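Protein chains in written order, with this note's numbering: chain A, 1 to 185; chain B, 186 to 258.
Hints listed in this document are in silico derivations from the structure and should not be mistaken for laboratory results.
From a predicted model like this one, the values you see are computed outputs, not experimental measurements.
Among the hints, erroneous ones may be present.
The calculated DSS-like cross-link candidates involving lysine-lysine, where the alpha carbons are at most 27 Å apart (straight line), are [as the list claims (entries may be wrong)]:
hint, chain 1, residue 1, chain 2, residue 2
1, A, Lys59, A, Lys76
2, A, Lys147, A, Lys59
3, B, Lys244, A, Lys59
4, A, Lys44, A, Lys59
5, B, Lys248, A, Lys44
6, A, Lys76, A, Lys44
7, B, Lys244, A, Lys44
8, B, Lys248, A, Lys59
Just so you have them, the derived chain A footprint on chain B, three or more residues with Cβ under 8 Å [as the list claims (entries may be wrong)]:
hint, stretch
9, 214-227
10, 237-247
Backbone N, C-alpha and C define an ideal beta-carbon position, used for all residues, glycine too.
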Amino acid sequence: VSPKVSASLRDDLVGEMSNLRAFAVSLCGDRERADDLVQETLFKAWNHLDSFHEGTNLKAWLFTILRNTYFSERRKRRREVEDADGSYAARLATRPEQDGHMELQDFRNALVQLPDDQREALILVGAAGFSYEEAAEISGCAIGTIKSRVNRARNRLSAMLGTATDEAVESGIANVLASSGSHGV
Amino acid sequence: MKLSNDPAAPHSGAQRRPEKAPKQGMSPDLQAHIGRHLRALFDEVAREPIPDRFLQLLKDLEKNGPKKNEPKT
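Excised from the complex, chain A in its bound form (with noise of 0.2 Å):
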């Protein structure tokens, strides 16, 4: 069956792509990998947007297919290889051509070092603007494991960063205070 389109809702599919690309990069901490999910999501979504209820969260449905996708691919990629979380990390790790800006570079090493879950949740909430309830949605978990891995997140990556940074905690706050204030948009 052969979905009929309408101009509208191809739109906002084509408006909620550059989201879906950020998502994609900070869940899986690759570009190349990130891209590649965003595409298998927009194959997806277009072949099931009969299942989609126009006037619903377009945003909130494409994040879900798009962590689906991740999460399977992750699931068969763990069996057979057993250090996917090292794999990740050491690739990442062999891209600061990424960002110059030391801070961001540490940040990200850590942030690929937290449990899946967790580094989801944190995302959906911290950076890409959904309420607890639609990250629990979203993640398909209750609102309570929403908080509870967002909270475990930022202890990690507090640990992390701190002893890794130290003294420099202060300082590097200082810096990202001054610095954002010079890109931001």
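On the provided structure of chain A, position chain B as indicated by the hints.
What follows is chain B alone, placed relative to chain A:
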């Protein structure tokens, strides 16, 4: 290095001082620090133009309708 006198500094989070870290060990500044980095990573990608391959994919899907095979990754 100066937190309070920086005109570019947003007021949220920077108001409380690091010494007042709660007992859980997560200071508000550190929490704000994490949030800022998280959004910086996200926004960096979100602000980029959409790669042609995705716009092309939509065009193809529109023209051909749904296919049986998922794209090879």
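Hints, verified against the model:
no., hint, result
1, A:Lys59 x A:Lys76, "holds, 26 Å"
2, A:Lys147 x A:Lys59, "holds, 21 Å"
3, B:Lys244 x A:Lys59, "holds, 20 Å"
4, A:Lys44 x A:Lys59, "holds, 14 Å"
5, B:Lys248 x A:Lys44, "holds, 16 Å"
6, A:Lys76 x A:Lys44, "holds, 19 Å"
7, B:Lys244 x A:Lys44, "holds, 15 Å"
8, B:Lys248 x A:Lys59, "holds, 24 Å"
9, 214-227, "holds (count 14)"
10, 237-247, "holds (count 7)"
Hint compliance for this structure: every hint is met.
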